[in-house]
Every structure is written in C-alpha cells, then in structure tokens.
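2 protein chains.
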Amino acid sequence: MDAMLTALAEPNRKRIVDLLRDGPRPVGQIVERLNLQQPQVSKHLRVLSDAGLVEVRPVAQQRFYSVRPQAFHEFASWIDTYRLLWEEQMDRLDVVVQEVQKQEVQKEDKRHAGN
Amino acid sequence: MDAMLTALAEPNRKRIVDLLRDGPRPVGQIVERLNLQQPQVSKHLRVLSDAGLVEVRPVAQQRFYSVRPQAFHEFASWIDTYRLLWEEQMDRLDVVVQEVQKQEVQKEDKRHAGN
DNA sequence: CTGCTATATGTCTTGACAAGCATATACCTT
DNA sequence: AAGGTATATGCTTGTCAAGACATATAGCAG
Numbered sequence: 328m329d330a331m332l333t334a335l336a337e338p339n340r341k342r343i344v345d346l347l348r349d350g351p352r353p354v355g356q357i358v359e360r361l362n363l364q365q366p367q368v369s370k371h372l373r374v375l376s377d378a379g380l381v382e383v384r385p386v387a388q389q390r391f392y393s394v395r396p397q398a399f400h401e402f403a404s405w406i407d408t409y410r411l412l413w414e415e416q417m418d419r420l421d422v423v424v425q426e427v428q429k430q431e432v433q434k435e436d437k438r439h440a441g442n
Numbered sequence: 328m329d330a331m332l333t334a335l336a337e338p339n340r341k342r343i344v345d346l347l348r349d350g351p352r353p354v355g356q357i358v359e360r361l362n363l364q365q366p367q368v369s370k371h372l373r374v375l376s377d378a379g380l381v382e383v384r385p386v387a388q389q390r391f392y393s394v395r396p397q398a399f400h401e402f403a404s405w406i407d408t409y410r411l412l413w414e415e416q417m418d419r420l421d422v423v424v425q426e427v428q429k430q431e432v433q434k435e436d437k438r439h440a441g442n
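Read top to bottom, the protein sequences are chains A and U.
For what it's worth, the numbering used here labels the leading residue of the first sequence as 328, then goes sequentially.
For what it's worth, the numbering used here labels the leading residue of the second sequence as 328, then goes sequentially.
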C-alpha cells in the first residue's frame, strides 16, 4: 500500500499506469505514446513492478506490461475505509472538541495533583 | 488528484490522514500520537491542506484538522476507473498482442513505402 | 500588557530519486 | 554466427523535499 502510493506519486508513472488501464502494452508503445525515453520507462516500470502495480509477460523480444488487478483491489479497499466520511455527511467537530477538551482537563488535573 | 497522490506518498502524511479518518484532531494530538515533532506536523498538514485532503477550523488557540470528504470521493472515483480490471477477470493479452503486431506491420509497410 | 500555550514559518543540511546518456542483455532473423 | 530490434541496467548529475532546530505569530489567562 505504501509502496503503491510512492510509486504512483511520480507523474510519469501515474501516466504509465493510466495508459495500461486500457490493456497490456509493450514498453515501446509506452515510450511512443508518452514521449518518454526508453530507459526511464524501463526504470519506471521496474518501480511499478516492485510495488506490485504491474506485471510483465514476454512475447518474443517484447515485454508486455499490464496492471495487476489485485493491487487496485487493495487500493480500493483502503479508500473504502474512508467511505463513511462522504456518505454520512456528519460534522462531528463540536462533539470532538468537547471530548478533546475533556481530556485536556484531565491532564490539567493530573498536573496539579502531581505537583 | 496528482497533488493528492504526492501528498499521500509521504509515509508520515499518510499516517496523519489515517489518524484523521477517525475524526478531527488538533495539531498537538497528532504530534503526541504519531511521535513526530510539531514543526514537521505543521508542515505536513500544510501540504495535505494544499492538496485539498484536509481542512482546518480554529478553536481558540487550537486548530482542528479533519479530512475533506470530497477529496476522498474524487480519489475513489479515480480508482473506480480501474474497477473493470478486477471485476471482469479478463485476460486480453493475446488479443492485444495481435493488435499491436498488426500496427507494427503497418509501420513496416510505411517504412518500405517511404524509402 | 505580560507571560503562556498552540501552531506556523524560516533556514540549513542531507538523502533520495528522476533525467540523461552509455552500455549491457535477450531474443529474433538471416 | 552476425546483425538488428526490444528492453534493462549502470553511472553521474542536479533537484527537491524531509528532518532538525530556531524563531515567529496568534490567541488566551492572569
């Protein structure tokens, strides 16, 4: 999860992944379509691969890269833990403020008791 | 979207966001819970804020940070564009290979025609 | 208005990492 | 085997960003 985020933070890598979303592509096509240099693309693909975001399958001299579905499944699961946030449009700030203030008071008390 | 990914790529920032998922927190609490130094937390919050991931509301001298639901909504939408990938477990590699090879052949033809 | 708490900003240093270029490897064709 | 195509790796350099520390600002209590 952490590695995935790091990998996708790089703009060109995100472009690559977004390109691969439409299907497997050999390195050469990625180079063409994104106007990048071949070595950098290979390196980016390496990072994406290490992060588990893409996978490779060789066909002759070409290497077809594609998105690993499972990776994005995990990704979606993480996002889902935030779903409540926008589904219930609850604004609990006032409640939380009270809670926190209560805790602060407790710490105050301890301080006084301790000294 | 791009800024969001960059922001979340930093591990401590992701920790902060994950902490805020449970509700608004003042800076001090984030510092305590994550064992970070206050200035860095403020800076991280700045980045998260600029990326639109969190928002602030002042309460006395404290500043309560919370996750911006809309940001995660957008995030989820992006992930959703990948949903097909894991829902239909389609493996279209063979098809794509043929397509690509067809294109290669066309380029070959052009090359011969041009020279 | 003075000191205190909570948070933000500035500066510096250091480490990570992406680009660029050269070169190595793999596989295919003849 | 030789040359060509497709891709990967090594090395160097420049840039950016996170951490550490000092300091500034804002709001509150006496």
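Derived from the structure by calculation, the hints contain no laboratory data.
There could be a bad hint or two in this list.
When chains are identical, the list treats them as one kind, so a pair holds in a single copy or across two.
Heads up, simulated DMTMM-like pairs for lysine to aspartate or glutamate below, C-alpha to C-alpha not over 25 angstroms straight-line [said to hold, decoys possible]:
1. 370 - 414
2. 341 - 414
3. 341 - 407
4. 341 - 329
5. 370 - 337
6. 341 - 377
7. 370 - 401
Violated hints - listed by number, lowest first: 1
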